[in-house]
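Colleague: Please build the complete structure, drawing on both the sequences and the hints.
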Amino acid sequence: MQILNSKLMYSPSDIVTFLESEFGSWMDRWWIEVGSKQKTKELAGLGTAVPPEAIRKDEGDDTFQILLEEGLKHEKAFLAKLKKNRKQVVEIEQTKGSGEESLKATIAAMKAGAECIYQARLEDGNLAGWADFLFRLDGNSNLGRHHYEVSDCKLANSTKPYFLLQLCAYAELLERLQGKRPEEIRVVLGTGETKSHRTDRFFFYYRELKQALMEFQKSFDASKPPRPQDSRGYGRWSGLADAILRKIDHLSLVARITRNQIKKLEDAGIRTVAALAESGPDFDRVPRLSDQMFDRLRRQASLQIRSKEQDKPLFEVMPPDTENNRLGLALLPPLSDADVFFDMEGFPLIQGGLEYLFGAACREGGKVVFKDWWAHDAIQEKRAFEEFVDWVHDRWNRNRSLHIYHYAAYEVSALKRLMGKYGSREDKVDELLRNHVFVDLYTVVRQGVLIGTEGYGLKDIESIFREKRAGDVTSAAGSVVAYHRWLASKQGQDWKDSPILEEIRKYNEQDCLSLVDLIGWLKDLQRGNSISWVDPASRVKDQAMAPEAGSPKPWAALAASLLQEIAEGKVSDPERLRLQELLAFLLEFHRREAKPMWWRFFARLAMEDEELVDDPDCLGGLTRTTAQPRAEKRSIAYEYQFDPAQDTKLEAGDDCYFTHDQSLWPHLVTIDREAGRLEIKLGPGKPAPPTRVALIPRESVSAESIQKGIWRYVQAWHAGESGSSALDDLLARRSPRVRGHAGGPLIAAKGDFTAEACDIISRLENSILCVQGPPGTGKTTLAAAAILKLVRAGKRIGVTATGHKTILNVLQAIHRTAQQVGGPAVPLFRAGNVESDKEEPLVKSKAIRLLGSGQPAVDALPEGPCVVGGTAWFFSNEGVQDSFDYLFIDEAGQFSLANVVGTGLCARNLVLVGDQMQLAQPIQGTHPGDSGQSALDYLLQGRATIPPEFGIFLEKTRRMHPDVCRFISDAVYEGRLTTDPATSGHRIVLPSPAGAHVQRETGIVFVPVRHDGNSLGSSEEADVVEQIVRELLGARVQDNAGSPARALTLEDILFVAPFNVQVRELKRRLGPGARVGSVDKFQGQEAHVVVVSMCSSTLEDSPRGADFLLSPNRINVAVSRAKTLAVVVASPALLTARCETVGQMELVNLLCWLKASGTIA
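Numbering (this note's numbering), first residue to last: 159 to 1319.
It is worth saying that the hints were derived from the structure and are not from the lab. One or more hints might be untrue.
Listed below are the simulated DSSO-like cross-link pairs for lysine-lysine, each with C-alpha atoms no more than 30 Å apart in a straight line [unchecked claim]:
| no. | residue 1 | residue 2 |
| --- | --- | --- |
| 1 | K579 | K353 |
| 2 | K908 | K953 |
| 3 | K466 | K405 |
Modeller: In structure tokens:
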């Protein structure tokens, strides 16, 4: 930001600053226009005086200058490489002043068609910048038969979000000059690799940020600075922001307080730390904040205030919960001379991150020693991980009293991630986890002690139990910066040869030694307060439910054998090596997939009530009502109440665990979310539960049948046999083998598309075929037609999917198709014991016959042509191997590759029907290589659509109006999705004048609603949704061109929200006639209008993060339910979310793209 010729000019970096902090952006301008000209600094408008000495920018450090110099070297090296390769490079001189001469020189070089332009000056309006390189490409533009794309040199080893923001700015400036937006932007990384990115995957997010910056600066008033507490960061003004927050005594200074809690306290009139500390136990209840949480915050604030005048912070030991004594200091086991004190250093600023230092302190020979394992790339990371795990596991085996102490979840999460990433040391890490060897001292501290500090990090609290540490690196953030400096320094990889690495090592060693001192202090508190250790193993009464229970499985042994052959160099062919490693990983897929469930189970046992309340899979804070227990058959039912605002996925009929005692398995009889009441029952002879309880779900489902199916295939493959040619083709990613097909596109698309597709499927020769069906293209209809043709040709067909309803839906579609076509009835059968199936009309009429489940279903398999629907558990049964000619897998985008291999032995041909761009596979574990992908994701390798020679893409939607489809097609399906001409007749005929929110009759409408602190639900958005409904119910709807318009009713609208709290709120407001639900509920359904409420105020407020809230799959499904109009109601803060990764940036960009599609020109 600078003033040139009396004009305020912005650079791309100013957009990055604004993204980080509105306060920082405002201060940058204030400094240019006001502050730098004042002799005595004065900042007005804050409502409090700020000391003049505080009004200054943060001091820089040597790191910035080092990176600047190294970045320039990298840029010059790339320039030299271009010249060496005989590229014609025009270098633009950076003239002083306005840059006008440099801009003219850049434009002249572009018009002349220079092959490469270095340091190009780009400018439009009040935005300008210097692009490192412009490269000429063929293609028409305002320049003639060529145009330019932009590349920037960056020292980093991977692309960062702010790189792409800068490049998008250059792309927009280029578009102004040449009349064509570059399709790609490129980053030349410090590794020498050039990374290309599609511009439209980031451009809409950039444009939203730029517009927000300009609007923000348009209202600039030097006497009215923004409140720093409203910003997510402070830019180069963090020291000033901190001074202001302390001056106003803002609630954000209270340790462990959340934005949501601050909002609730401020709404109740509590606006400062002092006011919170003085509120006292007699203060009226704070709405939507539990009394227990309010008391903790009040006591925390009081401790912080009273600690200010002390040499060391004050603290209070939290008394044990009489009904749940398993928390806090009760988590501390007896000390052992074999104990290990563990800390890791990670570097997140490269793709996938790098765990570069594993540090551990332990006692040897009567003294504490420090050990370290280093890694500077993926190969070294794997080795360091393995060596550390081997060392600590061996130490534990020699002394089972050993515990591994760490602070916060990072270390254990990293070990879990690494064992999945590399498929290595899984048994050893599992064994340590199952035996509760890891002890998180942060959990002990935050549950067991209140401390008068503003944070509960190790460095925040360690002044209580040890002297202040010294050294250049004193924080985790500092270690990241130091490691970044090391990467640029070219110092040696051994810490003995690198002063920077030596400083990092000292810092890590101090962290480990601090844990030694911390455990000593905590043990003193435990003894002094007569708190006994509660052994975690004693809390899990039924050891049979623990993971890995039982004897070793043969597929685990085979997996280990396959990997051992690779390690010993016995597999030389690259493709066979890839497949052998993949199959080894697939053998262990279900074990890996089950691990997070067990990790969650054990983590929830150590959670406080507030944490369980925030976990949507659980129910926390349950208290017994005065209702008397009642008999429920032979069981006893108990009534409990809970906060109706709590979100939960638990449903009536679910089996659960209590957190206080896992030997009791309560069954959820009824649940009334509106009233906040439920009933649970316990079996005969079980003791009555306490007055306060929490429920966690029972999630364990055995996948042994599927694992055995995978094992049988891999055994045959390893022996040189082909257990299934179709699976061979899938795993090798071969094109389908179709009888009579000479190659090229599978569908000529000259005649009847459905007939051609059915013909191709019928000519499969022991192979696999993918049918990708975007929303509204009729993939189930096509599958039903193909199956009908096959079964009437004498074939035996299996139908499977991830859900029972999906399987039943396909069987119903086959029955309908058979009735429409005419001819004999199709023998339809259903394997599985699903109670709801018995009420299905086709089951009652015997059109679909039930086979039962398990071995009885296998034994009851009919002879001859038939269609059998069942889950992967049925089709992986050895008794049905080779029983079918075709297995159709519906919703294959949600069906794991492992499950396809497990079921694939049942049929000669496999047909994958689905769309990986809609609801994705629900994956939980971390899986190495490609083993965790869905079948479609594996086959397509990141492509959004299947190539014509590789499968069948259903390219015509019969649902969406072109104005809706355009966004879905461009943003999701590479522009390949088209519309049936009839959809152009869809129209919402609005009254005149139109309402305030809906002013389009077709397409997409984005309705911004400002709110703050909302996570699972937004009353503000619900208010607007009600207004939208009133507007729409005054409209008329036209189904087809030429047809008379009819009154639009509530039945013509679908209401979609990501969280159940908002679903319930909308149901309450809109009444029983409204169709309200989550995306998952409405997949496959449609309506003329879809109204989507996004709920969360910001990405930080979203409890499941950007990956869930802004999932492209979920947005695709939600918007594509609309035949005519999609209305998206959302907080505008989501559009300018602070993105930490390139992946997050793509997610937010999609929402920005959606908004741009709904902007009326």
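Colleague: Please go over all the hints and tell whether each is borne out by the structure.
Modeller: Comparing the hints with the structure gives:
| no. | hint | result |
| --- | --- | --- |
| 1 | K579 with K353 | holds, 23 Å |
| 2 | K908 with K953 | holds, 28 Å |
| 3 | K466 with K405 | holds, 14 Å |
Checked against the numbered hints above, the structure violates none of them.
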